[in-house]
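Enquirer: Go ahead and model the full structure; you've got the sequences and the hints to work with.
First to last, the protein sequences are chains H and W. For the first sequence, our numbering begins at 1 and goes up steadily by one. For the second sequence, our numbering begins at 1 and goes up steadily by one.
Hints may contain errors.
A pair holds if it fits inside one copy or across any two, identical chains being indistinguishable in the list.
As the list claims (entries may be wrong) - Here are the simulated DSS-like cross-link-like pairs (lysine-lysine), alpha carbons at most 30 Å apart as the crow flies:
| # | residue 1 | residue 2 |
| --- | --- | --- |
| 1 | K176 | K26 |
| 2 | K71 | K181 |
| 3 | K181 | K12 |
| 4 | K78 | K101 |
None of these hints come from the bench; they were simulated from the model.
2 protein chains.
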Amino acid sequence: MKRITIEKDVLKNNNDIAKRNREFLKNNNIFTINLLGSPGAGKTSVLEKIIDNITLNYNMAVIEGDLYTTKDAMRIEKHNIDVLQVNTGGACHLDASMIQKSLNYINTQQLDFLVIENIGNLVCPASYDLSEDIKVLVTSVTEGNDKPLKYPSMFQRSSVVILNKIDMLELTDFDKEEFYKDIYSINRDIKVFEISCRSNEGIKELSDYFINRIKNKKSRQY
Amino acid sequence: MKRITIEKDVLKNNNDIAKRNREFLKNNNIFTINLLGSPGAGKTSVLEKIIDNITLNYNMAVIEGDLYTTKDAMRIEKHNIDVLQVNTGGACHLDASMIQKSLNYINTQQLDFLVIENIGNLVCPASYDLSEDIKVLVTSVTEGNDKPLKYPSMFQRSSVVILNKIDMLELTDFDKEEFYKDIYSINRDIKVFEISCRSNEGIKELSDYFINRIKNKKSRQY
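Expert: This is the structure:
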């Protein structure tokens with residue numbers, strides 16, 4: 001079987017575009033996150049929970065990645081913020097060129113916080129720089145505590161892990177001690193928030209963390 | 001940005017190898033499933049639950065796909081059946097050439113049932129024929145009921161859906177009516193088993209289904 005590899009070129013092209021996007025986002029002081037996670041980990045639910053806290057003082061927009069549907073964008077739209085749907089038509093991750101195009105459709109003049117919700121996938125999105133400041137990974141206790149070692153690239157490249165559905169902890173075999181041991185063995189600088197979108201546990205702390213990052217980004221303006 | 005597409009060739013190569021594998025599996029009357037699902041949907045747990053029922057009368061082997069670890073294979077090994085770990089080194093799906101190689105390491109002489117547990121991913125594995133008789137998709141109520149429309153290729157190509165963690169139904173917003181409406185709109189012939197690996201609900205029915213398929217495959221032998 002003959003096979004050629006083009007991944008290197010694709011990633012180089014992606015990185016070049018991401019660099020240009022990043023320059024633009026930096027010049028406009030827009031704190032940007034790449035929101036990652038398995039299908040059903042709760043990425044959209046987490047966003048819905050923090051929007052009100054963030055938008056008290058800051059402007060926020062969301063780029064929603066999905067294979068075909070507009071389901072998540074419709075959920076976000078109800079919260080009265082700018083949301084743009086990007087459909088990949090089956091592709092398993094967003095790339096920097098999609099973000100480049102998306103930025104033409106978002107009002108970036110007064111924007112403080114941009115969230116890019118990636119495709120639900122713990123493998124492919126890890127390799128694609130979307131010009132974010134940080135990668136934020138949502139994982140849930142119902143998925144099991146073995147995910148860090150099974151999908152290490154994701155945990156290695158993320159600055160923040162949101163451990164969601166913590167209200168269901170007692171109903172699962174999730175071993176928190178092992179989870180923390182594993183994530184720190186992969187990435188000792190990773191920050192973890194334990195939250196529940198159902199009980200609201202940890203939502204305030206998570207919102208405050210993002211608000212601080214937004215403030216820091218803006219303070220570099222002067 | 002210049003980009004060439006090689007997906008077509010890769011898929012053709014894959015299909016050619018899958019065809020040869022399928023011929024071999026058919027000649028040996030080995031009923032084969034490609035077990036799919038999100039990370040944490042419960043693919044390995046489902047296997048652990050049905051092994052004892054199947055192996056009362058039939059020989060079973062498992063090919064365990066994983067990016068890097070042997071965690072799932074070690075779980076299956078405890079049940080005293082033949083298990084082979086395939087590590088993709090980061091690749092997001094198994095392919096037919098991996099199965100071709102794996103078949104050299106499995107005792108296929110007396111084998112009745114081969115399970116190929118794919119990488120946890122609802123996107124990429126959908127396109128790769130692994131020479132299975134059927135694709136079986138595990139999804140769980142804690143992932144939400146929106147998965148069929150969000151990842152339609154998976155549901156379209158699967159013959160069986162295992163709706164896992166049904167014991168947690170009341171603790172989630174999972175809308176069963178919508179779920180069934182959506183899956184049948186994508187694939188009207190799909191068979192659904194509602195199960196719980198915790199309460200054992202539906203495990204017997206699921207095991208019986210596989211046993212019948214194994215029997216049917218063997219009966220074609222003569």
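Enquirer: Can you give me the call for K71 and K181, within, between, both or neither, at a CA distance of at most 30 Å?
Expert: between (36 Å within a copy, 16 Å between copies)
Enquirer: Is it within a copy, between copies, both, or neither that the alpha carbon of K78 lies no farther than 30 Å from that of K101?
Expert: within (24 Å within a copy, 51 Å between copies)
Enquirer: Using 30 Å as the alpha-carbon threshold, which applies to K176 and K26: within, between, both, or neither?
Expert: neither (37 Å within a copy, 45 Å between copies)
Enquirer: Are the CA atoms of K181 and K12 at most 30 Å apart within a copy, between copies, both, or neither?
Expert: Answer is neither: 34 Å inside a copy and 43 Å across each miss the 30 Å cutoff.
Of the numbered hints given earlier, the model fails hints 1, 3; all others are met.
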